[in-house]
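Peer 1: Chain residues, written in single-letter form:
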Amino acid sequence: MRNVMSNKFVIALYVLPALFLVLVLIYIPIVLTGYYGLMDWDGVGKMKFIGLENYIDLIHDPYFWASTWHSILLALFSVFSLLGYLLISLVLASKIKGANLFRKIYLIPMLLSSVAIAQLWSKVFDPNNGMINSILSALGFENLPLWLADPNIALYAIFIPIVWQYAGFYIIIIYAALINVPDELIEAAKIDGANTLHIAFRIKVPLISGVLKVLVILAVVGSLKYFDLIYVMTGGGPNHASEVIASYMYTEAFGKYNFGYGSAIGFGLLIISMTATWLIQKMLHTKVD
Amino acid sequence: MKKQDSIGKRIGMGILYAVLVIMAIIQIYPLIWVFELSLKTNQEVFGMSPFALPKDPQWGNYLKAWTTGGINKYFMNSVWYTVVAVLLTLILGSFVTFALTRMEWKLKGFVLALFMAAYMIPLHSTLIPLFNIFKHIHLIDNPLSIIISYTTFNLPITIMILLGFYQALPREIEEAAVIDGCSVHRIFFRITLPMTSPVLVTTAIINMIYNWNEFVFVNTFISSEKWKTITVGVNNFVGQYLTDWGAIGATLVISILPVLIVYLFLSDRIIEGLAAGSVKG
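Note that the protein sequences, when read in sequence, are chains A and B.
All the letters of the first sequence, read from the start, carry residue numbers 802 to 1090 under the working numbering.
All the letters of the second sequence, read from the start, carry residue numbers 37 to 317 under the working numbering.
FYI, nobody ran anything at the bench for these hints, they're computed from the structure.
Quick caveat: nothing in here was measured; it's all calculated off a predicted structure.
Don't take each hint at face value.
Claimed, not checked - With a straight-line cut-off of 16 Å between C-alpha atoms, the simulated EDC-like cross-links for lysine to aspartate or glutamate are:
hint, chain 1, residue 1, chain 2, residue 2
1, B, Lys100, B, Asp280
2, A, Lys896, A, Asp984
3, B, Lys109, B, Glu261
4, A, Lys905, B, Asp304
5, B, Lys91, B, Glu72
6, A, Lys809, B, Glu140
7, A, Lys1057, A, Asp843
8, B, Lys262, B, Asp177
9, A, Lys905, B, Glu308
10, B, Lys171, A, Asp843
11, A, Lys1057, A, Asp841
12, A, Lys896, A, Glu988
For reference, chain B alone in the conformation it holds in the complex:
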């Protein structure tokens, strides 16, 4: 009886593992496939099975995408929009969270509700008026429109993640600082902000992933090639060079790589942040 049980259990576990492994393959194989694609010639793509490995890796596809495809320019735009917007979101989000959790004022419940409710509003419903507002203040086809949109629309989730962390901070240090005659700014910049650095890193990465991948704002507000980001650039590039599958593969790999590298090193932080942000939402 006992032995049968354990055999049954083993078979059961075997099936479970098989399911988990198959799912892992499904989740990751399309990425490997696109990497293989990026190293193929058109003859290989069209003449052979899509599962065949590239015979003679065409690293030149990357050079083609990077320079003639203009991906280098899009890439750099993405980098600096992302960095500036992440910094702005973190500092503004930290200010608000500090005031909401550490300071005493009447309207804080209402203000918190405003930030939280903004998370549930579909951004597409704001798109036409936003376009019109930016047009009136001459920010259409201007990177500023992108940076302030990224900052604003990431504030709710940023505050949500920071909130739980701030609430758990001990008050004794602040109280001691107040007694010593510290100003609020000093407490915020010298004590609270440094104490929150672990959660700031998590929040920064999550913001970075959102901004790096953002599509609709850039596609709507930016028309010049010189201001486009990699996400929109990839889309245009694929539209223009529909036939060169190798170069398309290379472009996709370049656009994916930065996020994958960050994930490789900081996956626990990212997972933690996503879980914290969404469950509170």
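Just chain A, with the same shape it has in the complex:
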């Protein structure tokens, strides 16, 4: 058994192709991003080494910090909305009729591409013919908001389709954790006289805290690297009002051909994501395995 199942040649044959791809397409590029950040480079011509100039510019770049702030706002918002998902999951998991159907319906937006969602919601937000302003004007409101075209509103308007897209995903995961809570514990608590709220928040929620911690990390990291929907809906505009780190990087590199500076932003994104993951793990005393 040992000889057959520890055949070095077979192990290499099975592991190396995938490992090669992950090293060459994920790990080497991560290192290169930091390196390209040291260059003045338009993506076509020769790279010119300029030391830390891009990184120093980045630290003094108000648009970078604005987009970082927007990403952090989105992260806070996503974590906050986990509370709502938890409440809905608690209701669904309390063995009510139709729970399965509800969670299946809630997940549907998650299956669509961000591009389709972005186009769909651009139409919903359209100031003249969109669904939202039609409802508002039917209710008698005047001076209707321009939504995505208004720099004061655009970022917050985009939060709505993001919540819409991910609600079902978080709900099914919390639900799955909740229905795995052993019935005996709940029965025992009932005999001891605990009411529904007690059972929910003193027993069920603490028991699934591991899953909730993972979801907090997923929500934060997902928010920090959020890109597609914002890029398609507003391109980060108007005037950077809805810019996030990834959209800023993309526009600098592939829109303005500042590949050196774009790389510095990409490296900044990596540092911020890793720091956030590390901080949350510290704060929540958890380990992702």
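With chain A fixed as given, assemble chain B onto it according to the hints.
Peer 2: Relative to chain A, chain B alone:
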């Protein structure tokens, strides 16, 4: 007392159900709305309430999107990129998971950590170097760049989902096979792989959804119309025909439909896979 309790309980349940139903409507109505939009004329879109049903369904909008919009070409590209990448990911992911869970070697903890950590790396931080690497090996504007990117970036989640399943497989059959003189390849292809087929289906669907919806790789690495996928094609089409809302609606419906149909038949599998993959992540 008892009766009051049950009335209170009923009202409470009524409110809870109302909340759940309203949320279900919010989650699904925009899709119904886009379907209605796809059957409207511009006059109906601009002249009437967005909630009005289409009077005379314009199925021609679909034909317009499919042929003049070039959606047919994008659609077929999406199909074959998705299929090839899913197959590659499943086979490579199964190999690795087999070696990680069933075989004995020193570095396996480290290698597993490498795959798991890759899941937390923001792919946008890899995009500029990837573009440059593909340019140097002449894979820019080549479907291969898309297929190998899809395969690689889906490997971590695929391995995560497979891992739990592999760990739960009984070892007795393998042991018996070894005693009978089976080679490792034979064990993998004849015994383990067939036993994992249920989880492979789940993983395949989740991979399929990710690949079908992928945007940033195609938008960055592909420039020719003939190699674009439906996700990027939809975006371009909408950019070019900003005024024809009916055709835009039809394009969106076509891009959404394959995933919705798969979900209709296999929703439990998808839910199970998403839950398994993310909670371990």
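Peer 1: It remains to establish, for every hint, whether it holds in the given structure.
Peer 2: Hints versus structure:
1. B:Lys100 x B:Asp280: holds, 10 Å
2. A:Lys896 x A:Asp984: Given pair Lys896 (chain A), Asp984 (chain A) holds - Cα atoms ~12 Å apart, limit 16 Å.
3. B:Lys109 x B:Glu261: holds, 9 Å
4. A:Lys905 x B:Asp304: holds, 8 Å
5. B:Lys91 x B:Glu72: At roughly 10 Å apart (the allowed maximum being 16 Å), Glu72 (chain B) and Lys91 (chain B) satisfy the hint.
6. A:Lys809 x B:Glu140: holds, 9 Å
7. A:Lys1057 x A:Asp843: holds, 9 Å
8. B:Lys262 x B:Asp177: At roughly 10 Å apart (the allowed maximum being 16 Å), Asp177 (chain B) and Lys262 (chain B) satisfy the hint.
9. A:Lys905 x B:Glu308: The hint holds at about 11 Å.
10. B:Lys171 x A:Asp843: holds, 14 Å
11. A:Lys1057 x A:Asp841: Holds: Lys1057 (chain A) and Asp841 (chain A) sit about 13 Å apart, inside 16 Å.
12. A:Lys896 x A:Glu988: Holds, because 14 Å separates the two Cα atoms, which is no more than 16 Å.
Checked against the numbered hints given earlier, the structure satisfies every one of them.
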